Amino acid sequence: MSAASTAAIGHVLQGVGVGRRAVVGPVAQVRPAPHVAADAPLLVDGVPADVATAHAHVEQAFADVAARLREQSGRSTGTVKDVLAATAQMADDRALRTQVLARIDAGEPVVSAIDGIVEMFATMFENAGGYLAERVTDLRSVRDRVVAAAMGLPAPGVPSLERPSVIVAKDLAPADTAALDLTNVLAIVTELGGPTGHTAIIAGQFGLPCIVRVAGATALADGADVAVDAADGTVTVDPSEDQRAELERRATVERTLESDTAPGATADGRAIALLANIGTAEDAARVAGGGVEGVGLFRTEVLFLESTTAPTQEDQTAVYTRVLRSFGDRKVVVRTLDAGADKPLAFATQPDEENPALGVRGYRLVRTHPELLDTQLEALAHAQAATGTTPWVMAPMIATAAEAREFARRARAAGVATVGVMIEVPAAALRAQEILAEVDFVSLGTNDLAQYTMATDRLRGELADLLDPWQPAVLDLVDATARAGQQARKPVGVCGESASDPVLALVLVGLGVTSLSMSAGAVPAVRYALRHHTTAECATMAAAALAAPSAAEGRAAVVGLLHADVRETLGA
Amino acid sequence: MPQRTVAVASRVGLHARPAMLFTQAVAETGLPVTIARPGGEPVDAGSILFVMSLGVPSGEEVTLTAEGEGADAALDGLVDLLATDLDAEEAS
Chain P
1 MSAASTAAIG HVLQGVGVGR RAVVGPVAQV RPAPHVAADA PLLVDGVPAD VATAHAHVEQ
61 AFADVAARLR EQSGRSTGTV KDVLAATAQM ADDRALRTQV LARIDAGEPV VSAIDGIVEM
121 FATMFENAGG YLAERVTDLR SVRDRVVAAA MGLPAPGVPS LERPSVIVAK DLAPADTAAL
181 DLTNVLAIVT ELGGPTGHTA IIAGQFGLPC IVRVAGATAL ADGADVAVDA ADGTVTVDPS
241 EDQRAELERR ATVERTLESD TAPGATADGR AIALLANIGT AEDAARVAGG GVEGVGLFRT
301 EVLFLESTTA PTQEDQTAVY TRVLRSFGDR KVVVRTLDAG ADKPLAFATQ PDEENPALGV
361 RGYRLVRTHP ELLDTQLEAL AHAQAATGTT PWVMAPMIAT AAEAREFARR ARAAGVATVG
421 VMIEVPAAAL RAQEILAEVD FVSLGTNDLA QYTMATDRLR GELADLLDPW QPAVLDLVDA
481 TARAGQQARK PVGVCGESAS DPVLALVLVG LGVTSLSMSA GAVPAVRYAL RHHTTAECAT
541 MAAAALAAPS AAEGRAAVVG LLHADVRETL GA
Chain D
1 MPQRTVAVAS RVGLHARPAM LFTQAVAETG LPVTIARPGG EPVDAGSILF VMSLGVPSGE
61 EVTLTAEGEG ADAALDGLVD LLATDLDAEE AS
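Chains as they are written, first to last, in my numbering: chain P, 1 to 572; chain D, 1 to 92.
A few of these clues could be false.
What the hints assert, rightly or not - Below, a list of computed lysine to any residue pairs in the SDA-like style, where the Cα atoms sit at most 20 Å apart:
{"no.": "1", "chain 1": "P", "residue 1": "K170", "chain 2": "P", "residue 2": "Q433"}
{"no.": "2", "chain 1": "P", "residue 1": "K170", "chain 2": "P", "residue 2": "D225"}
{"no.": "3", "chain 1": "P", "residue 1": "K490", "chain 2": "P", "residue 2": "A401"}
{"no.": "4", "chain 1": "P", "residue 1": "K81", "chain 2": "D", "residue 2": "A16"}
{"no.": "5", "chain 1": "P", "residue 1": "K81", "chain 2": "D", "residue 2": "P2"}
{"no.": "6", "chain 1": "P", "residue 1": "K170", "chain 2": "P", "residue 2": "R31"}
{"no.": "7", "chain 1": "P", "residue 1": "K81", "chain 2": "D", "residue 2": "M20"}
{"no.": "8", "chain 1": "P", "residue 1": "K170", "chain 2": "P", "residue 2": "D181"}
{"no.": "9", "chain 1": "P", "residue 1": "K81", "chain 2": "D", "residue 2": "V79"}
{"no.": "10", "chain 1": "P", "residue 1": "K490", "chain 2": "P", "residue 2": "E553"}
{"no.": "11", "chain 1": "P", "residue 1": "K170", "chain 2": "P", "residue 2": "G233"}
{"no.": "12", "chain 1": "P", "residue 1": "K81", "chain 2": "P", "residue 2": "A281"}
As the list claims (entries may be wrong) - Among chain D residues calculated to face chain P with C-beta under 10 Å, some are:
{"no.": "13", "residue": "V43"}
{"no.": "14", "residue": "L49"}
{"no.": "15", "residue": "E69"}
Unchecked claim - Distance windows between CB atoms, simulated:
{"no.": "16", "chain 1": "P", "residue 1": "G415", "chain 2": "D", "residue 2": "P32", "range": "50 to 60 Å"}
{"no.": "17", "chain 1": "D", "residue 1": "D72", "chain 2": "P", "residue 2": "A285", "range": "45 to 55 Å"}
{"no.": "18", "chain 1": "D", "residue 1": "E41", "chain 2": "P", "residue 2": "R460", "range": "42 to 52 Å"}
{"no.": "19", "chain 1": "P", "residue 1": "V47", "chain 2": "D", "residue 2": "Q3", "range": "46 to 56 Å"}
{"no.": "20", "chain 1": "D", "residue 1": "P32", "chain 2": "P", "residue 2": "N127", "range": "47 to 57 Å"}
{"no.": "21", "chain 1": "D", "residue 1": "G59", "chain 2": "P", "residue 2": "D457", "range": "10 to 20 Å"}
{"no.": "22", "chain 1": "P", "residue 1": "D457", "chain 2": "D", "residue 2": "P32", "range": "47 to 57 Å"}
{"no.": "23", "chain 1": "P", "residue 1": "R140", "chain 2": "D", "residue 2": "P32", "range": "20 to 30 Å"}
{"no.": "24", "chain 1": "P", "residue 1": "V136", "chain 2": "D", "residue 2": "E41", "range": "13 to 23 Å"}
{"no.": "25", "chain 1": "P", "residue 1": "G116", "chain 2": "D", "residue 2": "P32", "range": "15 to 25 Å"}
I should point out that these hints are in silico values taken from the structure, not numbers from a laboratory. Quick caveat, the model's predicted, so the values are computed rather than measured. Every residue gets a Cβ at the ideal spot worked out from N, C-alpha and C, and that includes glycine.
Same shape as in the complex, but just chain D (with noise of 0.2 Å):
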């Protein structure tokens, strides 16, 4: 199963407005995606009370799982999400 692990960048964390984007991301691709904190059970990481319920602090990696056609390309879409700082998108 194609699987990707990434730093959160959002300086608040996956919390708020970047689990909101995130999770609005996962919906888009269509496919079953799962997020995971480090040695955590993965959870349905288009859930954004479970993706909120994780409390991932900024800086701490995740891992994303997801199933079906075009998972790769959907995980990477994903890791690019995770990677940018979505606060600071907010502010500007």
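Pulled out of the complex, with its shape left as it was, chain P reads as follows (with noise of 0.2 Å):
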């Protein structure tokens, strides 16, 4: 009985945190779809039920899942609303009703009658390609929903949360992410995934504490209150009195810090841009009332990932636009198409690529999609042109100097004039030098630098301890390129998650860093990281960063350096 012993008072599970917050809440377990037999009976007061009653009772199920269905869509906006709406729609749909309900006419059984005809639909999905394809997914939930209903067992999928709760799942697809009310999510804990992961960035934009890899989590009790703290990765199963006052104590803390919205420098004066990391036009809006001094990293993707062709000139000029429009006067760095690998892109990534995390992502698809790029930096121009701004432009998945040179050329000839790069290729960053030589400035992505550095996949959890920020290899990467950058004059950001942890950032600013882009909610405490020491102290700690032996020792002499007060307030 692990779901008992599990859920004793006061137990703690270990998993890897996202961000410092901490949160005491409710647990909100997502169902994963059911598991039963094709030719399992369909009981009805504990007996096998007869074709009729079978019939009644599948009829009302999809029913019920399409009432469901339109009443979370009612209550939901933008995009969720729309993707509930064509769910329901589908569990409404006449043919699939009626063609499962003639299957049990015959006397097929109940679970086995639903497979039958949703996996002859999901066929001709398929076949179709492109966007049918995505909306598999939608008919499989309808799938899982339907058998959930019909058979009696609790509805699979996100729970419609009725109260702030801590969300609790083996894993959060992006549209279970997309169908969370997150008004009353106070926290995300999943059994798998990694830092870096897909439901750790959604859980970062938002500022919502996230723990993955916290095995057991599936087993935690519904309507148990849990503590969940990033900070230090745990989960504990009804907190204490203490625990739930210090958790308190910390997030008086937190609204401290998020009080002060002065620009970024250090306790010299040494000014550090702190920048948000965005992916739509509504993180924008949301971003820019709050105390950041511009945009680090608009990950233009977001925009391609959801359509089945490649948006028009127009439209992305309509988006561009309003970002622009959103930062006014502020900094705006626009980071081109980077699709592929994790993010594949319907009409442009080659399916059968055996290694797509080393094959043509981010700037290699000018070689097979070149139009792809320059209608980007054209509609970027347009928006430029009608707004008065000046965004920053630049390329991800940069590994040669020449590669460099052709992107400026191309962006400057679109009338972006101020043009970068990313690093996060280890030849680039070696190659630091010579590619400074051809743009205006670099941002490194630690993500993927690290990633190609560790040679470990981002996507698998269990190698985090490799993909650690901190690997002292990785941050060699960033010295080389930071006194590169120093040495041309030119400005050198960081745009990976490493931004985000405020005692990192001090040894990204003793590495001679210029600018630090994050998920907005992580801003407040580099802020006031950076505002307590000085920039002989951030070196001091990059030396000692540099010189461990370890990334854990690395981070561990780094804290020791840190002012004593300021350990206490970041619980470092």
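Dock chain one against chain two, each of which comes alone in its own frame, and use the hints as you go.
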């Protein structure tokens, strides 16, 4: 009975925390799809149902599932509303319902009948490809819901949240996350996933505490109070009064840190721009009101991932214009399409790549689809003209100075004045001097830089220790890039999640990084840490991190160099 | 049996929201209506799953048939709907 033992009072589950926040709240489990044998009998009052009863039961199940989805859609907005409405219409579909019921009338077991017809449609959708192939996920979620409803099992998927709750799941698919009512989500805990995966990034954007790779999380009892502490990666069942008080104290500190919105700078006054990572125009509108000095990474691929065909220049111009307008005179760094690997595109990604992370992704798409980049650059130039702003543009996955030169040529030809590239391939970090000779700035993407330096798949959560941005080899490459930037007198930013760790941020500044871009929710703590340390202290910390034999020892050494009051406030 | 042929005006073709509006309109007629691509098998036009899986691109002609009382009027209404850019309405 693992469920009973892990739910014991005060029991602590360990995982990998994302961010530093902590919260106490009731568990809301995301139910997995029901596993029911295809020939399982439908039992009504303990006896197998006859055909007429099964027919009535399944018909009711379809109606209930559709009604519930419509109701959820009615309470949602934007994309989520549309996704739920479309899914409701599938559950309502008369062909689906009629054909399933015909099979049941012919004596076929309930689950087998539903699966047979759903698979028929799924195959038709998959054969059609593109947009329809993506809808197969929705179709299967209808299947899961109807099977659960017909067989009297708990409804699968994200629960409808009646009160602020801690979402607990084995793993969350992007569709699950889209269905979350974020106003009632206190924190996210998953058994799988990694600290740079989809769920963690979404949680970061909304400032939610998140802990991934928590073994035993799905055995937590629904409704049980848990303390989720992202700073040390723990989930505590039924926390003590003392622990609740401590977490409340930290929340108070957090609110105090958030009240400071002055520009980022070290104690001796060296300006370090504190910027936000965003993915959509909605992000821009939400983040622009807070204390950030601009955008250090606008991930434009979100615009592309949701469509089956390349968005038109007009559509892109409209989105870029909204983003630039949100930030007015503040800096906005736009990253051109970074698709491929874990972010495949329906219309551009080559489906048969054996090593997509090492394949035609990021800037390399220019080899097969140059029109994608040129259209994007034109759209950005139009948005620049429409808003009278001067956005910066950068390309992802640059490996050589020649690629940097070619990108700069295309961007300048389109009319974008300030051009840079991402440094996330070790070759580019080692040759940063040559690359900086071609462009105006560089930005380190530490997530991918760690992945490629450590030869460790970002999606393999169990290798998270190797992906640690504190790995001295990764910091060596940051160091090499920052030195090249200082020699060339050109900006070197960091836009990976490493910038959101206030302790590591001090090391990055000590290495010579000139701006930090992160989830907007991480800015206050980084601002606070910077303000309490001088440039010279940051340099000492950087030297200690580089000299350490391991990631853990490097972090420990730097934590030891923090001012004591900062260490206490940050709970480092 | 009354029959009409019309080119699909929506920019995305008969997908997503246009498909949803079309099948809803078919259901409201209360009549059995089928839809077919040129040379293709007719399928139930009231089923979003069948209609979407036809994958009709923008500008392609489809053939609608209906049976029963009021079939002609119902088909005229559906033809008007398909001849409208249903995406444009969404944007406005």
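Here is what the structure says about each hint:
Between the alpha carbons of P:K170 and P:Q433 the distance comes to roughly 45 Å, so the proposed pair goes past 20 Å and is violated. Between P:K170 and P:D225 the CA atoms are separated by roughly 18 Å; this keeps the pair inside 20 Å, and the hint holds. For the proposed pair P:K490 and P:A401, the alpha carbon gap of about 16 Å is at most 20 Å, so the pair holds. The hinted pair formed by P:K81 and D:A16 meets the criterion: a straight-line CA distance of about 13 Å does not exceed 20 Å.
A C-alpha spacing of about 37 Å is found between P:K81 and D:P2, which places the hinted pair above 20 Å, so the restraint is violated. With a C-alpha separation of about 9 Å, the suggested pairing of P:K170 with P:R31 holds against the 20 Å cut-off. For the hint pairing P:K81 with D:M20, the CA-to-CA distance comes to about 14 Å; that is within 20 Å, so the pair holds. The hinted pair formed by P:K170 and P:D181 meets the criterion: a straight-line CA distance of about 18 Å does not exceed 20 Å.
For a cut-off of 20 Å, the pair hint linking P:K81 to D:V79 is broken: about 28 Å separates their Cα positions. Simply put, P:K490 and P:E553 have alpha-carbon atoms about 32 Å apart, too far for the 20 Å limit, and the pair is violated. Between P:K170 and P:G233 the CA atoms are separated by roughly 16 Å; this keeps the pair inside 20 Å, and the hint holds. For a cut-off of 20 Å, the pair hint linking P:K81 to P:A281 stands: about 18 Å separates their Cα positions.
Because the closest C-beta pair between D:V43 and chain P is about 8 Å apart, less than 10 Å, the hint holds. Annotation: D:L49 was flagged as interfacial toward chain P, and the flag holds, the nearest CB pair being 5 Å apart, inside 10 Å. Restraint check, D:E69 versus chain P: the minimum CB separation of about 20 Å is more than 10 Å; hint violated. Between P:G415 and D:P32 the CB atoms are about 57 Å apart, so this pair conforms to the stated range of 50 to 60 Å.
A hinted range of 45 to 55 Å for the beta carbons of D:D72 and P:A285 is consistent with their spacing of about 49 Å. For the pair D:E41 and P:R460, the beta carbons lie near 46 Å from each other, so the given range of 42 to 52 Å is met. A beta carbon spacing of about 50 Å between P:V47 and D:Q3 agrees with the range 46 to 56 Å that was offered as a hint. For D:P32 and P:N127, the Cβ-Cβ distance of about 26 Å falls outside the hinted range of 47 to 57 Å, so the restraint is violated.
D:G59 and P:D457 have their C-beta atoms about 43 Å apart, which leaves the hinted 10 to 20 Å range violated. Between P:D457 and D:P32 the beta carbon distance is about 53 Å. The supplied range of 47 to 57 Å therefore holds. Take P:R140 and D:P32: their Cβ atoms lie about 28 Å apart, and the range 20 to 30 Å holds. Look at P:V136 against D:E41: about 22 Å separates their beta carbons, and that is inside 13 to 23 Å.
Restraint check, P:G116 to D:P32: a C-beta distance of roughly 24 Å satisfies the suggested window 15 to 25 Å.
Against the hints set out earlier in the document, violations occur for numbers 1, 5, 9, 10, 15, 20, 21.
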